[in-house]
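**Q** Spelled out from the first residue to the last, the chains are:
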Amino acid sequence: MGKVIVITSGKGGVGKTTSTANLGTALAMIERTVVIIDADVGLRNLDVVMGLESRVVYTSMDVIEKRCDLDKALVKDRRVEDLMLLAASQRNRKDDIKPEQMQEICEKLKQEYDFVLIDSPAGIEQGFHNAAAGADEAIIVTTPDVSAIRDADRIIGLLQHQGINSINLVLNRLSPTLVKNGNMMGKNEVLDILNIDLLGVVPEDTGVIASTNRGVPLVHSEGSPGAEAYMRIARRMTGQRIPIPEMQEENFFANLLNWFSRNK
Amino acid sequence: MDFKRLFTRKSKSSSIATQRLQLILTQDRFEVSEDSMKKLQFELTEVLAKYFEFTMHSVKMSLKREGSSYVLMADFPYSKSDKLR
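Chains V and C, in that order, give the protein sequences. In terms of our numbering, the first sequence opens at residue 1 and continues consecutively. In terms of our numbering, the second sequence opens at residue 265 and continues consecutively.
Keep in mind that the hints were calculated from the coordinates and are not lab data. One or more hints might be untrue.
As the list claims (entries may be wrong) - For lysine-lysine, the following BS3-like pairs were computed, each having C-alpha atoms within a straight-line distance of at most 27 Å:
no., chain 1, residue 1, chain 2, residue 2
1, V, K11, C, K303
2, V, K72, V, K110
3, V, K187, C, K276
4, V, K187, C, K324
5, V, K187, C, K328
6, V, K11, C, K328
7, V, K72, V, K98
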């Protein structure tokens, strides 16, 4: 029996979809069977980030309204074995799905797959509740800034109220240089405030933009700092004990520039 | 030229963020207004002041998450030279 994990944040634009795409791909690369579900009905994006938009025929709405079987609605990834996508409907609205319907889909999928990852929409309305309805666990994605952390805190409270007690944090887009200069909150400060377990830290990596442009998740670019961070997180999700390394600063030139701007 | 500014560093923006968040989240978690928070803080200080000598404005309150519940923390500085009244 697999695990259903909702990937959520409250605030938009902090990297939920990017994290879902990369963690799903990374888990499949280490030989787990994975389904990633786009729960952002009406504003779907996971298919685009995965580069699978041209292969989507059916959506979760077709499954719910019994126009096709669940198996038939799953889109196979182009690059990795045992990685499937269940797309969201682009025509319908978030209120067109009920939490029980999402729950039913998740129940069925976790009988067959090791991991079911749900990409939650931003916000705390119906769409978020639907995304979290079938989840056993949650991953909170946040960036180290005041508004994202405030929203993350609100979401943690809502998830706990729903009875989800395994909630882990992915701290995204951390810039080691800014942390060192004292212009960005570091992982210890964020953890002290949110007080949940840290699953991993993903450094700011400009490679994400190119990877989204191409529709190829970053974890395929071996050696990039972001890809390595996501691979480590995926391994931790399978129960491996991998320490969280101290972040390396970007490079000498970036440091030099920073030194100048600091001493201006 | 402002020589004083050359030698005193501005306080780091990350620690300002941390302090602001602690206050914001305490209010969010309590679901109370800033006024009520201040009132609670003031009354708590009044009670404590009956027994200890300390500065009125030094009490800091926060609500910390512990698993699935919250713990209210009220910190007030107390040194050995202070005495119980």
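**Q** Is it true that the CA of V/K11 sits at most 27 Å from the CA of C/K303?
**A** violated, 31 Å
**Q** Between the alpha carbons of V/K187 and C/K328, is the straight-line distance 27 Å or under?
**A** holds, 17 Å
**Q** Need the status of pair V/K72, V/K110: alpha-carbon distance at most 27 Å?
**A** holds, 16 Å
**Q** Against the 27 Å threshold, does the CA-CA distance of V/K11 and C/K328 hold or violate the hint?
**A** holds, 22 Å
**Q** Just to be careful, I want the Cα atoms of V/K187 and C/K276 compared with a cutoff of 27 Å; is the pair within it?
**A** holds, 16 Å
**Q** Just to be careful, I want the Cα atoms of V/K72 and V/K98 compared with a cutoff of 27 Å; is the pair within it?
**A** Status holds; Cα separation ~21 Å.
**Q** Does the structure keep V/K187 and C/K324 at a Cα separation of 27 Å or less?
**A** holds, 23 Å
The structure does not agree with numbered hint 1 stated previously, though it agrees with all others.
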